[in-house]
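Q: Protein chains in written order, with our numbering: chain X, 1 to 126; chain Y, 1001 to 1131.
Bear in mind the hints are in silico, worked out from the structure with no lab data behind them. A few of these clues could be false.
Some, not all, of what chain X presents toward chain Y, calculated at C-beta under 10 Å [claimed, not checked]: (1) Arg27; (2) Ile34; (3) Gly51; (4) Leu79; (5) Ile104.
Ideal Cβ positions, reconstructed from N, Cα and C, are used throughout, including at glycine.
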Amino acid sequence: MSLRTPLGKARGLGSAKDGTHHFWVQRLTAIALIPLTIWFVAALVSLAGAGHGEVTDWLSKPVPAILMLLLIVSGMYHLKLGLQVIVEDYVHGEGLKLTSQIAITLGCAAVGFAAAFSVLKISLGS
Amino acid sequence: MAQTNSRPLSPHLQVYRWTVTMASSILHRATGAALGAGTLLLAWWLLAAASGPDAFEVVQDFMAGIIGRLILFGFTWALMFHLLNGIRHLAWDAGKGFELKTATTTGWLAVIGSVVLTLIAWWLGYQVMGG
């Protein structure tokens, strides 16, 4: 067991990354997601049972497409930040922690990109 | 701490009485993670819509099935709870609502409100489909 004090280990390593930014962007995306979520639920309810044509017609219109894109971007960023703190709280093995954080970041980016691309493909035309 | 900790924990979950504040806190995290899994479904739905009617029919059939509906129902509740509890969190960030009575009341509002909103949303959905 190492006899170094916590301060001894921390000194000289620089700042503990950017916690304030994380905190702020998590709140910012949360605020954006309140109206976007309400709109999203209302939209899905109105589209209950809708077929392919109805869904693509709806997503072709500018306002639904824009709101969906905003939902995807804020939602995926919010998700990434949230999953990051979950890993920070529960995963302590350095290798597993790093792998998880990388997987989360890349995963959220990939899924977000795929969803956004789909919206753009539908709304900007085949 | 780089090494994993294998020292025993003093029992707590089996000892202390569950409060709504405790429960809503961990539920906020759990629903957040569950919603994360749910976004995979949303992405699938969008991808299928962009791919064409055949791909879309696969998603539609899954969502219409019993498993799909159960997942969707759970997703709706998780979304409603995370939304209401998230607003509660934002109030805390503004410095409001930390008094124990207030936190307990708002906690119950989040739990009960989420169930109510879920039922309303689903009732409305069935109305739209039936009409």
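Q: Against this structure, judge whether each hint is valid.
A: Evaluated hints:
| no. | hint | result |
| --- | --- | --- |
| 1 | Arg27 | holds, 6 Å |
| 2 | Ile34 | holds, 7 Å |
| 3 | Gly51 | holds, 8 Å |
| 4 | Leu79 | holds, 5 Å |
| 5 | Ile104 | holds, 9 Å |
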